[in-house]
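Enquirer: Each chain, letter by letter, is given below.
There are 2 protein chains.
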Amino acid sequence: MDEGNDVISGTVIAEELDLEAIQVRKDLAVTGIVGKPRVGYPTSDLISAIEKFLNWDSACRAVIVGAGNLGSALMGYNELKNHGMNLVAAFDASPSRIGPQKNGPTIYPMSDIKSIVNKEKARLAILTVPPQVAQEVSDQLVDAGIRRIWNFTNVRLRVPEEVLVLREDLSSGYAVLTVLRGITD
Amino acid sequence: MDEGNDVISGTVIAEELDLEAIQVRKDLAVTGIVGKPRVGYPTSDLISAIEKFLNWDSACRAVIVGAGNLGSALMGYNELKNHGMNLVAAFDASPSRIGPQKNGPTIYPMSDIKSIVNKEKARLAILTVPPQVAQEVSDQLVDAGIRRIWNFTNVRLRVPEEVLVLREDLSSGYAVLTVLRGITD
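Just so you know, the protein sequences line up as chains R and Y, in that order.
Residues in the first sequence are numbered consecutively from 1, following the working numbering.
Residues in the second sequence are numbered consecutively from 1001, following the working numbering.
Next comes chain R alone, as it looks inside the complex:
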């Protein structure tokens, strides 16, 4: 849409993303959008359909636990805001970080997790604490009613079956780049 295309075809999307056109059409059909044969999808309708399918059209109330440099970076990461993420609070173990922030949510002490998560009706927690305390903080979040955890630590969390943990493992990406070193250098 930024490039001025009012209509986009499954074939063009497939080429841009190095996928098969048939797979692109099948995947997009899941969102409910209907393309016109030999024309494609109206671009703005397609964007709306995808955003609706991903629930990006409504706010997702989230908290961030661990306000170190990775946590702070994510607080300022506008792309997530654009996708509906609404950071309602942050937590940190360091007393010097506690308090309101100019460009971000108020930072509370870890002991306030349960009360603030409930008061703010937060549904998603981003975990950016040091690995040594990751499991303990995860237990606190689950106890507070959190059922979706975005885990940026390198710890495999043990959670009840109903809790969804997505681990964002930057080391895996780095491994892809280093294992191929001999081939590309």
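Rather than coming from a laboratory, the hints here were simulated on the basis of the structure.
Since this is a predicted model, take the numbers as computed values, not measurements.
Just so you know, even glycine gets a beta-carbon here, dropped at the ideal spot from N, CA and C.
Heads up, a few of these hints could be off.
[To be verified] Which stretches of chain Y does chain R cover? Using the computed rule of at least three CB atoms under 8 angstroms from a CB of chain R, they are:
hint: 1; stretch: 1002-1011
hint: 2; stretch: 1133-1139
[Said to hold, decoys possible] Here are some chain R residues pointing at chain Y (derived, C-beta under 8 angstroms):
hint: 3; residue: Asp45
hint: 4; residue: Ile47
hint: 5; residue: Lys52
hint: 6; residue: Asn55
hint: 7; residue: Asp57
hint: 8; residue: Cys60
hint: 9; residue: Tyr77
hint: 10; residue: Ala144
hint: 11; residue: Trp150
hint: 12; residue: Asn154
hint: 13; residue: Val155
hint: 14; residue: Leu166
hint: 15; residue: Gly173
hint: 16; residue: Ala175
hint: 17; residue: Leu177
Got chain R; can you put chain Y on it based on the hints?
Expert: Same frame as chain R, now just chain Y:
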């Protein structure tokens, strides 16, 4: 090893990672390690073999382009240092950020990319610039001899065939968490 296990079996690793034991053994065999039947792998030998396979036992000289909050967070991310990443320089378009840093590499202006990449023999570039300039900066990096780019922007970069780009797409992780909202909440 941190938990005091001198030996670990493929079966235990498979259980921990929710994988099939046969797949774990096959994958680990690629590193050259040989396990003992009914005993497993000596833990420290296994770690060394994996690190060697991933080239994490030797330094990977890297630069970071874009010293905003995501770039700064990655500069302080110790796990990558532990895996051999050696950040030799950073670059930013903002004159106020240029100069030596207390806890990180010196930040240079974008116009110095080619000379510093060559002088410092950097082999990997981490791209954390705003999306509008991502392609232009990528071209500069390729021109400077970089063949591996870790792309944290939401832009699909166009690069020559011999350049490896790994896109770290935080929005994909977020999508997994939001699309399932109805199921978990």
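Enquirer: Determine for every hint whether it applies to the structure shown.
Expert: Against the structure, the hints come out as follows:
| no. | hint | verdict |
| --- | --- | --- |
| 1 | 1002-1011 | violated (count 0) |
| 2 | 1133-1139 | violated (count 0) |
| 3 | Asp45 | violated (19 angstroms) |
| 4 | Ile47 | violated (14 angstroms) |
| 5 | Lys52 | violated (11 angstroms) |
| 6 | Asn55 | holds (5 angstroms) |
| 7 | Asp57 | violated (10 angstroms) |
| 8 | Cys60 | holds (6 angstroms) |
| 9 | Tyr77 | holds (7 angstroms) |
| 10 | Ala144 | violated (14 angstroms) |
| 11 | Trp150 | holds (6 angstroms) |
| 12 | Asn154 | holds (6 angstroms) |
| 13 | Val155 | violated (11 angstroms) |
| 14 | Leu166 | holds (5 angstroms) |
| 15 | Gly173 | holds (5 angstroms) |
| 16 | Ala175 | holds (5 angstroms) |
| 17 | Leu177 | holds (5 angstroms) |
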